[in-house]
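A.B. asks: Heads up: the protein sequence lines correspond to chains R and C, in order. In this text, residue positions in the first sequence follow the numbering used here: the first is 1, and each later residue adds one. In this text, residue positions in the second sequence follow the numbering used here: the first is 1001, and each later residue adds one.
Any given hint could be a false lead.
If you only want the chain R side, here are some residues facing chain C, beta carbon under 7 Å, derived [claimed, not checked]:
no. : residue
1   : 82
2   : 110
3   : 151
4   : 227
5   : 275
These are computed hints drawn from the structure, not numbers from a lab. Ideal placement from N, C-alpha and C gives every residue a C-beta, glycine not left out.
Number of protein chains: 2
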Amino acid sequence: MAAMGGGGKESGCGGGMAAQAGRLGVVASVAFNIAALALFLRRRYFGDDADEKKGETAAAVAPSSGKPPVTPDSVINLDHGDPTMYEAFWRGGAGERATIVIPGWQTMSYFSDVGSLCWFLEPGFEREVRRLHRLVGNAVADGYHLLVGTGSTQLFQAALYALSGGAAAGANPIGVVSPAPYYSSYPAVTDFLKSGLYRWAGDAKVFDGENYIELVCSPNNPDGGVRTAVVNSGGGGFVVHDLAYYWPQYTPITEAAAHDVMLFTVSKCTGHAGTRLGWALVRERAVAQKMSKFIELNTIGVSKDSQLRAAKIIKTITDGYEHAPVAAAVAGGDDDSGRLFHFARRQMVSRWGKLRAAVANSGIFTLPDEIPGHCTFANETVAAYPPFAWLHCEKEGVDDLEGYLRERKIICRGGAKFGVGGRFVRISMLDTDEAFAIFVDRLAAMK
Amino acid sequence: MAAMGGGGKESGCGGGMAAQAGRLGVVASVAFNIAALALFLRRRYFGDDADEKKGETAAAVAPSSGKPPVTPDSVINLDHGDPTMYEAFWRGGAGERATIVIPGWQTMSYFSDVGSLCWFLEPGFEREVRRLHRLVGNAVADGYHLLVGTGSTQLFQAALYALSGGAAAGANPIGVVSPAPYYSSYPAVTDFLKSGLYRWAGDAKVFDGENYIELVCSPNNPDGGVRTAVVNSGGGGFVVHDLAYYWPQYTPITEAAAHDVMLFTVSKCTGHAGTRLGWALVRERAVAQKMSKFIELNTIGVSKDSQLRAAKIIKTITDGYEHAPVAAAVAGGDDDSGRLFHFARRQMVSRWGKLRAAVANSGIFTLPDEIPGHCTFANETVAAYPPFAWLHCEKEGVDDLEGYLRERKIICRGGAKFGVGGRFVRISMLDTDEAFAIFVDRLAAMK
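If we strip away everything but chain R, and leave its shape as in the complex, we get:
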């Protein structure tokens, strides 16, 4: 869920949605706004007449490739955690092994397993996810109910629905809180339908109600911090653990998490954001049932095609480690072509090195400290290399760092959307090599 989010700035990006969002108060003020960003980028890339250029000639169905390639003069969009960094791994040998073939007659039914609590969960996907957790050791899966969702965003909403009581909820919406800086889309996604079941209640550190749902994102989006629940009012609180980034390329795996509700997403584990798949591990059956009910009402289940594909992708990862054990991988060589976490860790180490050098060169920015820990997966002490850089500006007069960087053609997300000040921004570390290189060059030159 912490996977992504938006934050096209309301002013300056133009476009109907942005203007509208600016007017609309609570939700809009925190909402991420990809529509506005798209318009902004379109004008840059294609000019104002982009609409006219979209012909309708029928052709073979080819997949999109996401955003256009960057050039040294491009606007660099690091607003979203678009994990295109991973494409290089999957273009290697592993990509072929992860190829999926689906004939026209497969998976036509709504049902995947009519006898299961989560009747739309493909058994093969469940099997591979459980296998992956056993490999990595980042969460206890045995004894937990596993649910699939259309990204962990949907599962986040399912958890709010389930924990607030669903149809049985009381008269007052339950407060949803998280310590600032919190993931920018928590408030927007909580409030956009003005639900009578739950309502965004802000920074968990200053919350003192008795009924609440606390969101614990760890490592935290945006700042990479390792977190535990902070509200301690003695009341009837629930906790949802958003573990989107609790994977060994980003942070040391220090224990197998065993919380009541744990959310994960394929996007930030394997890099396949376009599959829109997340999963939840849920301790209590009744909560899992209500979460499943939410997904049934919201979308009548989850794409089977994506589940089959994600199962194959995850299987490829686990197989890669079973064929070339971790110990050997750590000990030897640079060949990460079959070992996803090692490939991604190497990338993150490299990128964080370049970023810290650029920040040192510039002199006007600071970053959070590196926090090392013993990783049970890698069996060594490693530093954390979060998927986002939480950049702070020390320069006098720069109170809107997001705007300052936007003028320099770097799009990222300002601190206000995370519940803190405008001298902070969140920057994705997961974009393409080309975009990242241009970004650090520009950053190093800012004085």
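Position chain C against the provided structure of chain R, taking the given hints into account.
C.D. replies: For chain C alone, kept in the frame of chain R given last:
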């Protein structure tokens, strides 16, 4: 959207969710309840210890096949419009042509077309949907904005969000109405989050408010009726047309629909319910933008894998007609192997013939009349063969027809869930040949 829905009966199906639903009032009373149904079916199929039988042996990832096969003694589940009837078509030559291959490195980005209003819409999917509408002539697509959703269920909620004003909505939720009998999941999906934006307001025929969203499902789920908007209060009403079943296998195509908001789903057009894909044609840009925003907030876009697969499937259908023109297909032969609508129409004619014979044989049921019309697609006058049978029982003492049939191992959905009396039930006409055959045999024997 009318695609599906549930309706496991609250009492009698057992299971935590069902019991809970029974207690929870408004939403639950109309909610479809697949969880309860699943439990009911599991006990029938597998016995009470089904959970224990689900081993966790790692194996190659194989897709699920939906529900278990039926036997003459089986419970027959015709509660949902699970379109497994179509599998026979796709197992023919067309299925091979519709096969999709996705390498591991494709479609990893969140974005499909960063310059588009609907930035998560795969251009290939859009192209094939527009091409299909041109072939069939059931809707005007030129000049309309096209959006993709996780089934038309998600697009239905997106339409409510957009038309109720989203974040800009007033203090009172807008009323959502539809003439009874209305699709059973309209009330449940409208109300399950207790949104402050919109609220289910019941039968459109007795609604007299000024602000409303009217849902026009045509052909109508459950009764197959051809419908137009009925509310005429002179106020600020919006209309959403749910055209899930406006395809030539179900009803004569009498004109190219050109309404403000039109919803379609792959499930009931091609039979691929498991892909969870729908699309909307939307006249006004501002409405389309807000609908896109809903999907961004709800699920950060829609599975690209499903979009690529659906594009290939739809392309296969259109190609099938371009290679063997409609006129030839109508004139000659029984070879429907490449012509989906002709295959499905032949199935529907056959099934409705068998159903009407069974009803005549039984003597205690009635069905809606066949309504013929000139179909511009087939270029001949044809009758309507709806995807659901709206069965009425004339027998004295049978006031709960759903329960009456359940005792006879036929699961379907009772009239109360559609806003009418218990002497009606809705029965899916789209299940497998085997399930349908057992169903009509049992029906014919009821006296």
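A.B. asks: All hints, please: hold or fail.
C.D. replies: Hints, verified against the model:
1. 82: For residue 82/R, the interface hint holds, since the closest Cβ of chain C sits about 5 Å away, which is under 7 Å.
2. 110: At 5 Å from the nearest chain C Cβ, residue 110/R passes the 7 Å test, so the hint holds.
3. 151: holds, 5 Å
4. 227: Check failed: Cβ of residue 227/R comes no nearer than 23 Å to chain C, outside 7 Å.
5. 275: holds, 6 Å
Of the hints listed earlier, the one the structure fails to meet is number 4.
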